[in-house]
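Engineer: Sequence:
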Amino acid sequence: MGALGGWEIILIFIGVLLIFGPKKLPEMGSAIGKAIREFKNAGKEIQQDITQAVETVENTESETTTKTSS
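Quick note, the sequence shown lines up with residues 1 to 70 if you use my numbering.
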């Protein structure tokens with residue numbers, strides 16, 4: 001199972017064109033673009049939250065280590 005080739009993509013595009021018609025394609029493209037953008041933004045937010053949580057834990061551990069070693 002590999003990636004889609006050129007012919008497969010063309011056949012899928014023709015099928016979508018036949019099912020939805022040429023008038024709906026710009027609307028669908030716009031909706032798909034917005035959805036992809038929102039998924040990317042959500043992924044970035046999750047990554048930032050995880051990074052921030054790790055930094056908080058590391059800072060807490062270093063403060064605890066500094067206090068116990070004094």
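Everything labelled a hint here was simulated from the structure, so no lab data went into it. Since we're looking at a predicted model, the values are computed, not measured. Every residue, glycine too, gets a C-beta built ideally from N, C-alpha and C. Careful: at least some of the hints might be erroneous.
What the hints assert, rightly or not - Derived pair list, reagent style DSSO-like, types lysine-lysine, alpha-carbon separation capped at 30 Å:
1) K34 - K24
2) K23 - K44
3) K44 - K34
As the list claims (entries may be wrong) - Pairwise CB distance ranges (calculated):
4) E61 - L17: 51 to 59 Å
5) G43 - I9: 53 to 61 Å
6) E55 - L18: 26 to 34 Å
7) K34 - T66: 45 to 53 Å
8) I9 - V54: 24 to 32 Å
9) E63 - E8: 41 to 49 Å
10) T66 - I46: 56 to 64 Å
11) G2 - A42: 26 to 34 Å
Engineer: Next, verify each hint and record whether it holds.
Structural biologist: How the hints compare with the structure:
no., hint, result
1, K34 - K24, "holds (16 Å)"
2, K23 - K44, "violated (33 Å)"
3, K44 - K34, "holds (15 Å)"
4, E61 - L17: 51 to 59 Å, "holds (57 Å)"
5, G43 - I9: 53 to 61 Å, "violated (25 Å)"
6, E55 - L18: 26 to 34 Å, "violated (52 Å)"
7, K34 - T66: 45 to 53 Å, "holds (48 Å)"
8, I9 - V54: 24 to 32 Å, "violated (40 Å)"
9, E63 - E8: 41 to 49 Å, "violated (56 Å)"
10, T66 - I46: 56 to 64 Å, "violated (31 Å)"
11, G2 - A42: 26 to 34 Å, "holds (28 Å)"
The structure is inconsistent with the numbered hints 2, 5, 6, 8, 9, 10, although it conforms to all the rest.
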